[in-house]
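Enquirer: Sequence:
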Amino acid sequence: MTRLRRGVPRERRPFGPFLVPSFRGAGSRGARGASGRARLLVMALVVALVATIMVGRLVQLQIVDGAKNARAAADINTRDVVVPAQRGRILAADGTVLVGNGSTTTLTISPQALARDDAPKVIARVASAIGRDPLSLLARTKACGTKGAAPSPVCFAGHPFEAVPIASDVEASAANALLERPEAYPGIAVRPTATRTYGSRGDSLAQVAGYLTAATADDTGVSSSGSGVPTLLGRTGVEKQYDAVLRGRDGKRSTAIGPDGTAQRQVADVPPVAGQDVVTSIRPDVQDAAAKALADGIAAARKRGQKAGSGSVVVLEADSGNVVAMTNQPTYDPSVWNGGVTQAEYDSLLDTRAGDPLTNRATSVAGPPASTFKVFSLFAAAQTGVDPNGSYSCPSSVMIGNRSYSNFESQAHGTIDIPKALEVSCDTVFYRWAYDAWVKAGGVKASTDAPDPYTSVAREFGYGARTGVDLPAEASGSLPDRATKRRGWEATKAASCRRAKSGYPEITDKDRASYLTQVAKENCTSGYVVRAGDAVNFAIGQGDVAATPMQVATSFAALATNGRVPTPRVAVATARSDGSARTALPTPEARTLSLDARMYARELEGLKRAVSTGTASEAFRGFDLDAHPVYGKTGTAEVYGKHATAWFASFGEAGVDGKRYVVVVRVDEGGEGGRTSAPIARSVWDALVGRSR
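For the sequence shown, the UniProt record's numbering begins at 1 and goes up steadily by one.
Note that these hints are calculated values from the structure, not bench results.
The reader is advised that the hints may include incorrect statements.
[Claimed, not checked] Simulated crosslink set (DSS-like; lysine-lysine; CA at most 25 Å straight-line):
#1 521 - 642
#2 440 - 485
#3 510 - 445
#4 659 - 642
#5 521 - 485
#6 292 - 303
#7 521 - 493
Owing to the predicted nature of the structure, the values given are computational and were not obtained by experimental measurement.
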């Protein structure tokens, strides 16, 4: 056996990350002492390093990240309950509550119960117990856009972990009966749902006030409450326009939860901030009168054989543009939205045969304004050299090109002045003026930038553009000129040419199909041309010009004030629900027009005579026009294949306050303006002057 020599290293023994040499022999004891001290030093360094790391980490957790970690711990160990904010009310000018707050009972089913195989059977039992359609309840459980889901907003648009509402406006006794039998109705719960109350004026203000539905995933900037209580948003009308003011801010109550799941203490309590009330300029007495007059007037027109399917009334303060009344027919009861509209109710609101009751026709539906437009064409005629004090022939018809254009009912009035032309609503006088201006501009060869005083004046009065009323979905109407006509032709030429070849075989009315085919042929080859017929129809508010009742009302406000074009407003202020503070909403600056003084004076005389002795005189028989002069113009818009649309636009001073008001009425397919719309306006004027009929 070979012996190792003294003093020669025999091996290296590991110690931690170091290799420590080991010696034997005479010097081994001293070496072992040195290596022991080295080990202790290394161990001390390691302990110090670990301690430093632990202290640093502790500092980071407690000081640097302390607030964040505390919040995280609270999230894990607390439960948050959202406290919904009370929505603000919508008030009339005198403080009357037009839209208030209430609550209803809603049945929900938990997502766990909904995931079970027997969920359809449970829902069917619920439907039977409360007298509802089981398929309708089941459709409400489907996420919006999925197969079998009810249409929005009836479908479910919440989060997967939220309870799903399946029935609203349930009798409390019926709901409680379900809760007493959880074995038969697993997962069924009851929750109160905030609703809106409308009082007696709900129907008349349905489109103006608007409605609410629950927030969906498509509503950006709105977070779900996560409490099973849906966030309600305004979808139309004042509810939508002023949603941010009305909605307020939800509160939150946080409670610490112990290991056993029981509540230990309240961690935080952020109270809700109630929404503010919105104060409107609506006068309840005038609103009621307008709604009743419109409904009665439409009923009377139908008895005379007119279709009279829909209509609107707009009443403005001429100087401020404040909306005093606005109502539409057909209308509906807005309380159907409370707790979620049923499928049957929603279908009826969308039924075109019902006349589209969801739409605010006063601001969103435009049509030819007919002879109410003549008052603006007169200012254009003055720019072309027509003498305001001249006399003009009013034959029964005139030839424009190769076509005859007639007065209404082909009545001739001889030689008349301008006030008389408005009093009897002579068309042929305006035809000649507009034709002469068209020829002067170049006729069919005129360039797209050729001057056109008729469209220019109408645009100054606000036609062809939104009025800026504080309601959503306002229509801009139509104000055709040479440039817009060419752009429209370029966009539709291909379709017109296809129709010129194919015709309209799907239309059973041969005369109608032939007419449309002829129009398509003209539009295919020269649809960009402003023809003589276009010009003369435009001058009397027919053809392609279209306006909403609100646009007509705003333009007549400019006549009432000698050139001030206001921006109409429904809301005038916000207020706290306790009445402790009221803040006026900003009022947009009115535009000011420079009207031809001589023509304006002749127009006022003509509009006054139209009411006292002209086309609207029968409607105003017995009204004290000496004490309360009313200036007005009837209009009867002819629409191919339909009954004529009846218009009446008016302004004047009323009441002890001396304010100037504008009243505009349109009844679609209502026949003559003087016979249908003027009597409706008369009833509104009675209310404005404080007189009952």
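Enquirer: Does residue 642 lie within 25 Å of residue 659 when you go C-alpha to C-alpha?
Expert: violated (38 Å)
Enquirer: Measure nothing beyond the straight line between the CA atoms of residue 510 and residue 445; if it is 25 Å or shorter, mark the hint as holding.
Expert: Violated: residue 510 and residue 445 sit about 34 Å apart, past 25 Å.
Enquirer: Taking only the CA atoms, is the gap from residue 521 to residue 493 under or equal to 25 Å?
Expert: Distance of about 10 Å is within 25 Å: holds.
Enquirer: Going straight from one Cα to the other, do residue 440 and residue 485 come out at no more than 25 Å?
Expert: holds (19 Å)
Enquirer: For the pair we were handed, residue 292 and residue 303, check the Cα-Cα distance against 25 Å.
Expert: Judged against 25 Å, a Cα distance of about 17 Å means the pair holds.
Enquirer: So if I understand the rule, the pair passes when the alpha-carbon distance is 25 Å or less; does residue 521 with residue 642 pass?
Expert: With a Cα-Cα distance of about 23 Å, the restraint between residue 521 and residue 642 holds, given a limit of 25 Å.
Enquirer: Are the Cα positions of residue 521 and residue 485 separated by 25 Å at most?
Expert: It holds: about 16 Å lies between the C-alpha atoms, which stays within 25 Å.
This entry does not satisfy hints 3, 4, going by the numbered hints stated previously.
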